[in-house]
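The letter at position 280 of the sequence shown is residue 263 when you use my numbering, and the numbering goes up by one with no holes.
Accuracy of the hints is not assured; some may be wrong.
[As the list claims (entries may be wrong)] Ranges between beta-carbon positions, derived for each pair:
1. Ser227 to Thr(-14): 39 to 45 angstroms
2. Thr132 to Ala241: 44 to 50 angstroms
3. Gln197 to Asn125: 21 to 27 angstroms
4. Thr132 to Glu154: 30 to 36 angstroms
Keep in mind that the hints were calculated from the coordinates and are not lab data. Heads up, the beta-carbon is just placed ideally off N, CA and C, and yes, glycines get one too.
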Amino acid sequence: AYTGMQIYDVAGELYLDEDALLGDLEVAPAIYVGEQHETPPIHELQLWLLERVTAQDGFVALAMEHFQADEQDVVDGYLAGNRSVSQLISLGDAWPDFEDHWLPLVDHMRSQGLDVIATNVPEEALDTVYANGLSSPLAFVNTWDTSSTWDADLPPRQIRAWDATYQAYFETGFDYANHGQNWGLTYQQALDYFSDLAVIRDHTMAYHLAMHAQDTGDRIYFVGGDWHVQTGLATPDLAAHWNSDLADYVLVTTTPRAGFETLRTAVFEGRAYADYILIYE
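With the sequences and hints as input, model every part of the structure.
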């Protein structure tokens, strides 16, 4: 559990109370909330904010990195009361420890009769990419036409390639020792290969939440790893590519008190890492 939570406005360089934060978020068509996975205080703060955002607006959908897009029917069945928690986790191929960390978010949406969007790339599609060898994952996926098994679960091809800024941001957290070095790839070959995988994942998550917003008019509350959210260069910018109505987004991240000063001043290519920081003890 967290204690002593504070809200910090990065651009304004000031602390906010709850009402001020919610007033700022009220007009945002998309709110992206980053996380360090499996960190209980962060998930509690995500739920705290989700409860307040849905209370002020009944047209909000929760988009999640934690479900693959081909499991949307399973998620919908759970929301409708037709599947149990165990079925949601097993049939929905949910992440490890999902019940402890992310189920409360889904249960809140279920209690409100609101949608949850499964956004991630199907694991079986990624297995096919890995089996293709060390050639470009993006070039390979872009050969998949409408007859592909995963056509409905991926963005329309051609999926747009990453640019130098995207890769430079990706590189800030790239672990070569565990991603490509042991395959015999040079650093640059490994960086290119995994940049492809990252942009496929970001485009896929962005596409599904963007299409939901376009089809329903819902505002989006996205929960995913910090890397996909912070700076806006990954999932948020790509969602705006698929749906320009989502260009005016808000970035929220979390940090323990010890990491606050570093995060508050962090900048990449002129971009702050977040608009608002939730600080916890």
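To test your reading of the hints: which numbers does this structure violate?
Violated: none.
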